[in-house]
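Trainee: For reference, the chains in residue letters:
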Amino acid sequence: MLLLWMILLPIATAIFAYLSPTTRLRNTLLLGTAAAHTAGTAFLWGHPNLAVLGGWLAVDALGLMVLTVVSILFLVVGTYAVGFLRLDRPRGGRLFVSCLLGFLAAATLVSIAHHLALLWIGMEATTLSLAPLVFHRRDRRSLEAVWKYLVLSSVGIALALLGTFFLASAQVSGRPLVLEDLLQRANTLQPGLLRGAFVFLLVGYGTKMGLAPLHAWKPDTYGEAPSLVAALMAGALTSCAFLGLARAVEIMAAAGQSAFMRPPLLALGVTSLLVSAAFVIGQTDLKRLLAYSSVEHMGVLVLALAIGGLGSYGAMLHLISNGLSKGLLFLAVGNVVLFYRTSEASAVRGVLRRAPWSGVLLLVGLFAVTGSPPFGLFVSEFTILSAAIRGGFAWLAIAMMILFAIIFIGMAKMILDAAYGEPLEASEPAGETLALVGGPLVLAALVLLLGLYLPAPLRVFLGQAARALGGSAP
Amino acid sequence: MSTFPVFPILTLLIVLGLAPALPGIANRTKSALTGRRGAPVMQLYADLAKLWRKGVVYSRTTTLVFRLAPVVLLSTTLLAACLLPLDGQAAILGFPGDLVAFAGLFGLGRFSLVVAAMDTGSSFEGMGASREVTVAAFAEPALFLCFTVLVLATGQLQLDGMFGLPLAAAWPLAAPSLVLAAVSLFIVTLAETCRVPVDDPLTHLELTMIHEVMVLDHSGPDLALILYAGGLKMALFGCLIVGVLAPRAHQSRAVALAELVLGLGLVAVAIGAVESAMARLRMNRVPQLLVAASALAGFALILLLR
Amino acid sequence: MQPVHDVLLLLVVLTNFWVLGTTRLSATIRATAVQGALLAGLPLALYPGLSPHILGLAVGTFAVKAVLLPVLLSRAIREAAVRREIEPLIGFAPSMLLGALAVALAFSIAPRLPLPELRTHVLVPVALSTVVIGLLVLTTRSKALTQVVGYLILENGIYVFGLSQVERVPFLVEVGVLLDIFVGVFIMGIVVFHINREFDSLDSARLTELRD
Chain L
1 MLLLWMILLP IATAIFAYLS PTTRLRNTLL LGTAAAHTAG TAFLWGHPNL
51 AVLGGWLAVD ALGLMVLTVV SILFLVVGTY AVGFLRLDRP RGGRLFVSCL
101 LGFLAAATLV SIAHHLALLW IGMEATTLSL APLVFHRRDR RSLEAVWKYL
151 VLSSVGIALA LLGTFFLASA QVSGRPLVLE DLLQRANTLQ PGLLRGAFVF
201 LLVGYGTKMG LAPLHAWKPD TYGEAPSLVA ALMAGALTSC AFLGLARAVE
251 IMAAAGQSAF MRPPLLALGV TSLLVSAAFV IGQTDLKRLL AYSSVEHMGV
301 LVLALAIGGL GSYGAMLHLI SNGLSKGLLF LAVGNVVLFY RTSEASAVRG
351 VLRRAPWSGV LLLVGLFAVT GSPPFGLFVS EFTILSAAIR GGFAWLAIAM
401 MILFAIIFIG MAKMILDAAY GEPLEASEPA GETLALVGGP LVLAALVLLL
451 GLYLPAPLRV FLGQAARALG GSAP
Chain D
475 MSTFPVFPIL TLLIVLGLAP ALPGIANRTK SALTGRRGAP VMQLYADLAK
525 LWRKGVVYSR TTTLVFRLAP VVLLSTTLLA ACLLPLDGQA AILGFPGDLV
575 AFAGLFGLGR FSLVVAAMDT GSSFEGMGAS REVTVAAFAE PALFLCFTVL
625 VLATGQLQLD GMFGLPLAAA WPLAAPSLVL AAVSLFIVTL AETCRVPVDD
675 PLTHLELTMI HEVMVLDHSG PDLALILYAG GLKMALFGCL IVGVLAPRAH
725 QSRAVALAEL VLGLGLVAVA IGAVESAMAR LRMNRVPQLL VAASALAGFA
775 LILLLR
Chain G
781 MQPVHDVLLL LVVLTNFWVL GTTRLSATIR ATAVQGALLA GLPLALYPGL
831 SPHILGLAVG TFAVKAVLLP VLLSRAIREA AVRREIEPLI GFAPSMLLGA
881 LAVALAFSIA PRLPLPELRT HVLVPVALST VVIGLLVLTT RSKALTQVVG
931 YLILENGIYV FGLSQVERVP FLVEVGVLLD IFVGVFIMGI VVFHINREFD
981 SLDSARLTEL RD
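Protein chains in written order, with our numbering: chain L, 1 to 474; chain D, 475 to 780; chain G, 781 to 992.
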């Protein structure tokens, strides 16, 4: 029942929020739902084997990890949104809050769906619920961004639907498209159709993730959407899309088709890293820079899946660390944009002086996202690299390290330039309220924690998820 | 054939006699549908008679080619008529692969007209000639694709043997393909007989003409021959369409003949109806229309092949 | 006589060619409406027996694809002054030839796919060719509305393919899929309307401000 409520409650509050007359009521609904959702997720950590609707909705380690990222990010973004809307749209914001809550429902559906068609429905719903938010500013540039986002994401998801149907045809027995039955009878699945299904699911969900060369919508969308929406997209939406791909990988691994999976995953992963490195150098816009960083990390995730072994464990840890770090960095940049009224890197200088908390968050975020110790992404990237070397992909490990370095240099230059120096125009210190700074601080703390110490329950779940993906755990 | 082909020759004579009526029916239908009275159905007969009595004027720049063209046109069209089983059962002449000859004869006739047009040295006529050839270049593939559909459906390589029994036998199984092929043939007919939407026979402006401007310099009996050949071409294509849509395999000759006449009339009415409903296409859209006809015929072919 | 579902599937292919060949935006919308109606009739023809699942699917598909979505799209372009498509990236005639090629290829490779035996041999090729033609329209046309039409055709192709799995995919899921597509096109329609308002044209080639 809890599982059903975690989906239905956000939907209900979304409708109420749209109809509610006052901002205060809306904020209450938003924050209340976010808190309830996080509480529900915490409960699921203790009871990880709930299932409902005949196994169509269920919790397993993989889904729980994604759900956790979604829940934490949403809570933080929700509190940030309260502050953001007060500055940006004091009297309005109905559509904004409803869409946010709708997204929460959709992302929850994706995380706990064990019927692959339900997962698809949730994925499409996540795309659609965020589209109006991308168009928030209603100017020419965001119009172009939302158009590209809608068209590319919809085509990708449509191809994923085709892949889902292929998967259904590949099944010869058991409940169609239910994950448990697919995994149990994996060796009875028709191999030709299974491979075709995987290709379509990879292309479809890969487009949603923003893997190169299917990433064209990402820089524009992250660049034009409000930063907190971009934070949600970079942290939660990509994790959901990754979950779709991970389910496909799960089934392929159970069916013994890992060898077939490896080349396309490697190809997409390496292309993502290369594209990201190429476009990070010489980037002029802060938010677009972060979009390419997101492409980079999606590439790392996919490469980790391809490597297998400990790489799968690294991928799961990377998923969580990346989600939280991206949230942190986007919200920090969001503060910068709020105070400087632009995201052009050349116009932003001296953030540490003008908005000290945001400046610190910016720097922490930079180091977190580029995989510096002692943050979580360092541990996950290290795990993936060592798995690569151990698995015979030494060339890949070397290439990854070189590309990581290039990306670090590119990002560091931009963000350090922005943080240090003198503000270009004399202006008073920016008004950093708790709502704008509190959430990102929490995220920073979590990312730091992940790098220093993994609590035991988390380690257990990460291990389970890694094994489900055909890998191993330390 | 062992016996003297009485019926085929009789049918041919009847079709030859009826041919000028078809453009008349088409024009009359178009007028009726657009709320006018229009010219009488027999107008073309009167025109032919009037032209035959007139004297002919030849430009000093023209040569023998110009004088021969109408004769070549008419004789090739007549020969093509001999190849087609007009009443759906037997033709006067026939040999395997005569569909190519059928298309080729029309091509030869068109070639003679084009050469005559260029022979006059007039730029209008040259323009008309080049347009006509362009349209034909797009129409030929469609025509051949339709023929291929017919060949595959009936297993026969000869026009004579195709229509009639084999086609009637193929109808239950290959109905969609044959319907599509008939539609494609109709579009080709519109192109070959220079009717709307490919070419407007009523336009007065030379710059918008295709066929009319090509024959601008012909006069008297020459022009009569060309006009008659045009009507005969419409009749022959009409016979093709009627043959595909209504294979008269089992009826007696008389009934088959009656059906043919009725079918030709219906085709002419259909042409008139299309003329009244559509405007003439922009010149660069005409190839698209014909490519669409080819695509339809190609699709019909695919359906047969699977 | 041909079975009804084969005729419906062939008509679907003809509507694809209609969209490929026409320049008028309203004609493309009408073509998707006709295609939606054909698709609504398909489950009834493929699975005779009027079970509530099939009936519901047919009614729902008709309501969404043949009525609601075309109405939505017509309203989206109601303020558009120019209702004609300009010459696409690869030209109308080559588009149609490519479409015919796609159909031919689909028909030739479909028998080699290891798909389960269905009542008809025509379904899988028509589905695949529709998907390809949808992608073709989506990528080569420059008017935003025609791109949405291309997306709809792509979805229709996938729907046709999904009809081969109707027994395996429960009704609730199909309702969900339909709803998703409806909301998706609804939002796209709004964006198209705004594009027309903002740029005074439906030409998506104007949307080139964002680049690296």
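No lab work stands behind these hints, which were simulated from the structure alone.
The structure displayed is predicted, hence computed values, not measured ones.
Heads up, some of the hints might be wrong.
[As the list claims (entries may be wrong)] Chain L stretches covered by chain G per the calculated footprint, using a threshold of three residues with CB under 8 Å from any CB of chain G:
1) 319-332
2) 371-377
3) 435-448
[Stated by the list, open to error] To list a few chain G residues with every Cβ distance to chain L over 10 Å, as calculated:
4) Glu859
5) Ser922
6) Ser981
[Stated by the list, open to error] Example chain L residues on the side facing chain G (calculated, C-beta under 10 Å, incomplete):
7) Leu4
8) Leu8
9) Thr28
10) Gly32
11) Leu128
12) Arg141
13) Leu162
By construction, the Cβ of each residue, glycine as well, lies at the ideal position given by its N, Cα and C atoms.
Trainee: Determine for every hint whether it applies to the structure shown.
Mentor: Okay, the hints, checked on the actual structure:
{"no.": "1", "hint": "319-332", "result": "violated (count 0)"}
{"no.": "2", "hint": "371-377", "result": "violated (count 0)"}
{"no.": "3", "hint": "435-448", "result": "violated (count 0)"}
{"no.": "4", "hint": "Glu859", "result": "15 Å, holds"}
{"no.": "5", "hint": "Ser922", "result": "12 Å, holds"}
{"no.": "6", "hint": "Ser981", "result": "13 Å, holds"}
{"no.": "7", "hint": "Leu4", "result": "14 Å, violated"}
{"no.": "8", "hint": "Leu8", "result": "15 Å, violated"}
{"no.": "9", "hint": "Thr28", "result": "27 Å, violated"}
{"no.": "10", "hint": "Gly32", "result": "26 Å, violated"}
{"no.": "11", "hint": "Leu128", "result": "5 Å, holds"}
{"no.": "12", "hint": "Arg141", "result": "6 Å, holds"}
{"no.": "13", "hint": "Leu162", "result": "5 Å, holds"}
Violation of the numbered hints given earlier is confined to hints 1, 2, 3, 7, 8, 9, 10; the remaining hints are satisfied by the structure.
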